[in-house]
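2 protein chains.
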Amino acid sequence: MKLLEQRIKQDGYILDDNIVKVDSFLNHQLDIRFLSSLGEEIYRYFRDKEFTKILTIEASGIALATVIAERFNYIPVVFAKKQKTKNIGTDLFEESVKSYTTDKEYTVTVSKKFLSPDDKLLIVDDFLAEGNAMRGLIGLANQSGASIEGLSVAIEKSFQSGGDMIRDMGYDLLSLARIKSIANGEITFIKQDYDW
Amino acid sequence: MKLLEQRIKQDGYILDDNIVKVDSFLNHQLDIRFLSSLGEEIYRYFRDKEFTKILTIEASGIALATVIAERFNYIPVVFAKKQKTKNIGTDLFEESVKSYTTDKEYTVTVSKKFLSPDDKLLIVDDFLAEGNAMRGLIGLANQSGASIEGLSVAIEKSFQSGGDMIRDMGYDLLSLARIKSIANGEITFIKQDYDW
Chain A
76 MKLLEQRIKQ
86 DGYILDDNIV
96 KVDSFLNHQL
106 DIRFLSSLGE
116 EIYRYFRDKE
126 FTKILTIEAS
136 GIALATVIAE
146 RFNYIPVVFA
156 KKQKTKNIGT
166 DLFEESVKSY
176 TTDKEYTVTV
186 SKKFLSPDDK
196 LLIVDDFLAE
206 GNAMRGLIGL
216 ANQSGASIEG
226 LSVAIEKSFQ
236 SGGDMIRDMG
246 YDLLSLARIK
256 SIANGEITFI
266 KQDYDW
Chain B
76 MKLLEQRIKQ
86 DGYILDDNIV
96 KVDSFLNHQL
106 DIRFLSSLGE
116 EIYRYFRDKE
126 FTKILTIEAS
136 GIALATVIAE
146 RFNYIPVVFA
156 KKQKTKNIGT
166 DLFEESVKSY
176 TTDKEYTVTV
186 SKKFLSPDDK
196 LLIVDDFLAE
206 GNAMRGLIGL
216 ANQSGASIEG
226 LSVAIEKSFQ
236 SGGDMIRDMG
246 YDLLSLARIK
256 SIANGEITFI
266 KQDYDW
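Residue numbers (the working numbering), protein chains in the order written: chain A, 76 to 271; chain B, 76 to 271.
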């Protein structure tokens, strides 16, 4: 998706050869108009599918999931939580996830009330690198018996293994921008078939 | 706001005489169409003000902030983070906050890049009880020199002190539903002037 690639080149910055920061528009400050245009692209790609819910994970996935839901006739968004609070209740699906950015294990949870075998899910997140959070979301969906009809992220770091892992599992994954490499201060992208 | 009061009565449930759960539409599963109608009410209340940014806190505030931003001509949303990750950077505003639900202290942070003395803020969150998270957001805004032009929450638990604390500070606070009491399985609300 050219629009996102251009924005990453314009406003992203490289912390080292592994990390690109897009905190001015995607995951700390949020450019909602821009996110809406990403939501529109995700809708165009998946519009022939019937989803019943969008599943994402706190916190950065929530805004993108919100604007996607607006396009899919306001299907509900469910966001997995990253830790248990005393209020969440005991009737939970749980998966253990390793964080790439903090290097710690944490638990992601969803209330059993909000995922069922009747659900057809679009799973959404902002970033895909090693795929640990996505694996957690897939695990939660599988526990519930819901079917996973599609997955989408804004940015895939394709030099890490998460994207290929998910495709190898047979899922339909849309990554709006696929970063091929971050080296010598230069970000390069993988050309994609659905560039429009 | 009658719409939210009705929804709380319909879909909320009481955990004890202190806690009402609205996780089926506001803070775990999200009814985006309903949140949009809340965003519209918040816009109607504040539409004569000029905001440059919406400040909220992860995670439950993000979806509401997103739909409000859509109404205020897509001003940026900035969400404060609840813990430091190794990626967030060192140039941060920080405030210490005590969580009402987990009883722990945590740090809320915002990158100094995203709040400045030129900013006119609308501060948004889903819930207001003791006001600890709101106090953290107000502290971050004050550190930055930004002016706080308004604050809004979906649900204020008016039998706790947060709402009055913020009004006593002189701020313009819009709480869409103000819960007066939760007792004997019954939720009662404070009648508000701006019910429409």
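Since the hints were derived computationally from the structure, they do not count as laboratory data. Treat the numbers as computed from the prediction; the structure is a model and nothing was measured. One thing to keep in mind: the hints can contain errors.
Put simply, identical chains are the same to the list, so a pair is met inside one copy or across any two.
No more than 25 Å apart at the CA atoms, straight line, and that leaves these computed lysine-lysine pairs for BS3-like [claimed, not checked]:
no.: 1; residue 1: K96; residue 2: K84
no.: 2; residue 1: K179; residue 2: K157
no.: 3; residue 1: K96; residue 2: K255
no.: 4; residue 1: K124; residue 2: K77
no.: 5; residue 1: K124; residue 2: K195
The hints, checked one at a time:
| no. | hint | verdict |
| --- | --- | --- |
| 1 | K96 x K84 | within (11 Å within a copy, 43 Å between copies) |
| 2 | K179 x K157 | both (12 Å within a copy, 16 Å between copies) |
| 3 | K96 x K255 | within (15 Å within a copy, 44 Å between copies) |
| 4 | K124 x K77 | within (24 Å within a copy, 36 Å between copies) |
| 5 | K124 x K195 | within (9 Å within a copy, 41 Å between copies) |
Checked against the numbered hints given earlier, the structure satisfies every one of them.
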